[in-house]
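**Student:** Sequence:
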Amino acid sequence: MHPSASPVLKLPVELILAILLVLPDISTLQSIVLAHSWFYLVFRENRDAIITHLLTTLVSAELLPQALAVRESSRVQSWTDDKVARVLARFRDDRRIVRLLGLSLADALAIESLHRCVCSFVDKFASAALSVHPFTERPETPSPLSVSEWRHVAGAFYRAELCTNLLRPRDGQESVLGDDSKVAFPYSGVPGVKDVLLRHFHIWEIEQLGCVGEFVYRELGRRSGGDCGISWGRSNPEHTDIVVWESQKRQFFWRGLQFLHSLFASESVTKRCVFLATKFHSSRYYLQNAAWHADSEWDNSPQNISDDTDHRVEVVFGARLNEDSGHRASGGICMGVRPPATNGRSLQSHASQFS
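Residues in the sequence shown are numbered from 1 upward in steps of one, following UniProt numbering.
Simulated from the structure, these hints should not be mistaken for laboratory data. Idealized CB from N, CA, C, for every residue including glycine. Hints are supplied without guarantee of correctness; some may be wrong.
Claimed, not checked - Straight-line distance between alpha carbons at most 20 Å, and here's what the computed DMTMM-like set of lysine to aspartate or glutamate pairs gives:
| no. | residue 1 | residue 2 |
| --- | --- | --- |
| 1 | LYS10 | ASP48 |
| 2 | LYS271 | GLU219 |
| 3 | LYS83 | ASP107 |
| 4 | LYS124 | GLU149 |
| 5 | LYS124 | GLU112 |
| 6 | LYS124 | GLU267 |
| 7 | LYS83 | ASP93 |
| 8 | LYS124 | GLU219 |
| 9 | LYS83 | GLU72 |
| 10 | LYS124 | GLU140 |
Claimed, not checked - If you anchor each label on the Cβ, the simulated ranges turn out as follows:
| no. | residue 1 | residue 2 | range |
| --- | --- | --- | --- |
| 11 | SER27 | SER266 | 18 to 24 Å |
| 12 | ASN46 | LYS83 | 50 to 56 Å |
| 13 | LEU109 | ARG86 | 38 to 44 Å |
| 14 | TYR40 | ARG96 | 16 to 22 Å |
| 15 | ASP25 | ARG95 | 32 to 38 Å |
| 16 | ARG222 | GLU62 | 49 to 55 Å |
| 17 | LEU101 | ARG218 | 38 to 44 Å |
| 18 | LYS10 | PRO139 | 22 to 28 Å |
| 19 | SER113 | ALA61 | 16 to 22 Å |
| 20 | VAL269 | GLU140 | 57 to 63 Å |
| 21 | ARG95 | SER146 | 20 to 26 Å |
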């Protein structure tokens, strides 16, 4: 049957719109609107309503502001204080989004793609964190996360991606200006990193970044175990060189969740090497380095923050994540999963599993 003779094309606009509103995801929406001009016309006239409904259903109303802020942060090429403040305000906005105005289909697809990566990481994180009882240390089958627990963990991964976008160099910025101490970061103004992280997020939200980092490093280490003598990319340390690997592994984390998701999906040594040969190049631009450069003036100013706060910042930057498991346990790294008030299983107890 010729497409123009298909009965579905004879449906009124209202029914076509109803069909588009119940599609499972943005990818399916794209396939349908590209299949025939009639579907595209209905979509074009109702784009904001359709995209808002599908993204709210897919991501959830609670996490959608964070997903939008992360998407916005990934597109900014030149950071200013105003831009950072606007992105962070959107990330922390807990108001329900009634309608997204002017969001393109390409942006919606990018948000969907990142959200699927977040979902994958949350599932892996929960399985790893809850697979051993914190008191008996016996293996157990983890029960599914509640909706609230799932959103707590997903929010931490979105927060990690936001920080990555705030600090990751854009195209053409991976260069040294003048000397080795002056690096072009997207956002490195005073008060810089400490202001972004410590003034705009609660300390427990920052500690969750440390927990996410530990999980990622453990996953990286688990996959590197069989790669004896093989470097992951040009000018990168072999995983058999523990000292070098411990000092440089953070650069993998700060390349973003989608990079890590693709890397982790490459289960074989050969596939990982092929992926890294095309997607990875040596760089020392990651959060800890960015903080060191951005805070050089801030640390010498009269308004610098306390040593205790500096100590907590180090937890986030990864400097001590693999040196002192006792510090991690006492540092309060907790994702809000299984609080003691419910069933006694807190990720604060499970944090030591990620050493």
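**Student:** So which hints don't hold here, by number, going up?
**Tutor:** 1, 12, 13, 14, 15, 16, 18 and 20
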